[in-house]
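Asks: Here are the chains, one letter per residue:
Protein chains: 2
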Amino acid sequence: MDPRPRIEFWFDFTSTYSYPAAMRVEALAAAHAVEVDWRPFLLGPVFRRIGWEGPPLFIHQAKADYVWRDVKRRCRLHGLPFIRPAAFPLPSLRPLRVATLGLGQPWIGGFCREVMHAGFGQARAIDSDEVLRPILQRLGLDPDAVLADAASDATKVALRARTDEAAARGIFGAPMVFVGREMFWGDDRLEDAMAWTTGGGDADPS
Amino acid sequence: MDPRPRIEFWFDFTSTYSYPAAMRVEALAAAHAVEVDWRPFLLGPVFRRIGWEGPPLFIHQAKADYVWRDVKRRCRLHGLPFIRPAAFPLPSLRPLRVATLGLGQPWIGGFCREVMHAGFGQARAIDSDEVLRPILQRLGLDPDAVLADAASDATKVALRARTDEAAARGIFGAPMVFVGREMFWGDDRLEDAMAWTTGGGDADPS
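If you're matching them up, the sequences are chains U and V in order. Under the working numbering, the residue at position 60 of the first sequence is numbered 60, and the numbers go up by one with no gaps. Under the working numbering, the residue at position 173 of the second sequence is numbered 379, and the numbers go up by one with no gaps.
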């Protein structure tokens, strides 16, 4: 039994602020002796269920312009490369299905960081064989087998179930960190979430 | 001539995250040898001009619930009292008109902090004589004269002009800090804004 506290890290590869958060979360968690449960899900269907036609941060032009600039600034603060993708949202379905296969596997963190870096650090096509196969190879996996598995009905159903769960738990954006039932939204709340695991958030402000 | 860098702090007394930001901004600015130009404006008309029917953070119930909890947590981290107001948005028009009179006056910071504290730290009616008169008295002002001035056409026009300027400059939420033309949205970007004034934001991530 692992006595260390666990957090859930809910994200989508197309979520801008999920990028710096995904790159940082495991190192930050390790520094707090916390374990990370990666929770890939599809943000688009969650937005549509709420009734939003698209990412709420990007519907208004001035706000979208601001968010792109802010993400770039924040990545710079964290020492992360950032290139604004030519097309947005990113085609995250296929890598999310791979991530769904990786739940509880030792390679999930590495896989997620590599895909995030390809999408927002390099502005590459994250659903392409050119991106996904070398990542899987570097992780010591068999790309043919994993990508076939990722395209299976079982995996599609599993990712859809995660997305249903996200909506049911009140998730309205990404990244979303759960510490028990306590929610923390955004890369800029990662530190607050970690503090919460040790009572550093000063327990319950009910 | 004041050689110190200046920032503009755009806010509305009904903006939840403007509360901790308004309480913190002058102390933080002083620590960075930065001057604060307070910029009161009406957030509602800016939202309506964008096409939003209300505060975008509060339209969806799960998101609204989250934001109230997050504001409370953040206030606790900053050592600020927080009481969720029974009615929201807050009736900010009258105190915003007073703040408009205070532009460039030595009392504006104190006035804004007291109104913010009354609204979100004590859940009191911030447009009431019971709240406003004692605040003005404590600042050494004549409540009768100031409140009459605040209700004048000239003041109404001046606040409306600020609100027009906010929309024209692409403001889509509050608090919004400008360092020159660089925008920083939210209480959680105050530190980034201060760093930007001294090049600590690593200048322009163009």
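Just so you know, the hints here were simulated from the structure itself, not pulled from any lab data. Wrong hints could be hidden among the right ones.
Claimed, not checked - Taking lysine to aspartate or glutamate pairs in the DMTMM-like style, the calculated list, with each CA pair at most 20 Å apart, reads:
no. : chain 1 : residue 1 : chain 2 : residue 2
1   : V       : 362       : V       : 333
2   : V       : 362       : V       : 397
3   : V       : 269       : U       : 144
4   : V       : 278       : U       : 165
5   : U       : 63        : V       : 214
Asks: Now, for every hint given, state plainly whether the structure supports it.
Replies: Okay, the hints, checked on the actual structure:
no. : hint          : in the structure
1   : 362/V - 333/V : holds, 15 Å
2   : 362/V - 397/V : violated, 33 Å
3   : 269/V - 144/U : violated, 40 Å
4   : 278/V - 165/U : violated, 26 Å
5   : 63/U - 214/V  : holds, 18 Å
Of the numbered hints listed earlier, those contradicted by the structure are 2, 3 and 4.
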